[in-house]
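Enquirer: Chains as they are written, first to last, in my numbering: chain W, 24 to 136; chain G, 24 to 136.
Because the hints were derived from the structure by calculation, they are not lab data. Where hints are given, some of them may not hold.
For the chain W half of the interface with chain G, some residues (derived, Cβ under 7 Å), not all of them [stated by the list, open to error]:
#1 54
#2 66
#3 122
#4 123
#5 127
List time: in silico BS3-like cross-link candidates among lysine-lysine, alpha-carbon distance up to 27 Å [stated by the list, open to error]:
#6 W:34 with G:128
#7 G:123 with W:93
#8 G:82 with G:128
Fair warning: this is a prediction, and the values are worked out from it, not measured in the lab. Even glycine gets a Cβ: it sits at the ideal position worked out from N, Cα and C.
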Amino acid sequence: DAGITQSPRHKVTETGTPVTLRCHQTENHRYMYWYRQDPGHGLRLIHYSYGVKDTDKGEVSDGYSVSRSKTEDFLLTLESATSSQTSVYFCAIMTGTVYNEQFFGPGTRLTVL
Amino acid sequence: TQLLEQSPQFLSIQEGENLTVYCNSSSVFSSLQWYRQEPGEGPVLLVTVVTGGEVKKLKRLTFQFGDARKDSSLHITAAQPGDTGLYLCAAPNSGGSNYKLTFGKGTLLTVNP
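Only chain W is shown next, with the shape it has when bound in the complex (with noise of 0.2 Å):
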């Protein structure tokens, strides 16, 4: 079975600072992803990689940065940190190439104040 472990998994930060979330995959799935939920809005892509050093932007982008530079991590920073970007963020991988289905970590709950 994937495997999928995310750091931190709360986070308490203030407004302006730097924050740097982790994602891990046991296997070497090569779609990672990451998503931020929200109520009202459910999940939305934030952004997504194919393959070691490929990454590609989602809908809500902006204020975001990845970086991958081994299969198995998918980095998120928050180069300076907003109360916007208070908010739930999973990352997925693609378990399923012909549906794009995808297994989701655990999540991390992050507080921007």
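For this one, chain W is given, so just place chain G on it according to the hints.
Expert: The following block gives chain G in isolation, referenced to the frame of chain W:
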């Protein structure tokens, strides 16, 4: 941008009742997925439907894909408190990049004992 509209947004029922939730769009989909998300966790894939008119059963859950592949429904028979959660439908993006999913905003189901 394709949209997936889910209804109802909230549903609170008593244990033992039946219910149906819906996922609708004006777009035609090659396939459609249903996920369930329990509080504090990431979404978990329940089923993928791929053929117009297809019906899939997962214990007390019945999933149907519309004949025109624009809509889907999830019917739960004799709901139990363990069915409580957020039910999300999702479909691969049409056009050039079907490696991304579009999610509906979900139906939040509460089953009271």
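Enquirer: What are the numbers of the hints that this structure violates, sorted from low to high?
Expert: Nothing - there is no hint that the structure violates, so all of them hold.
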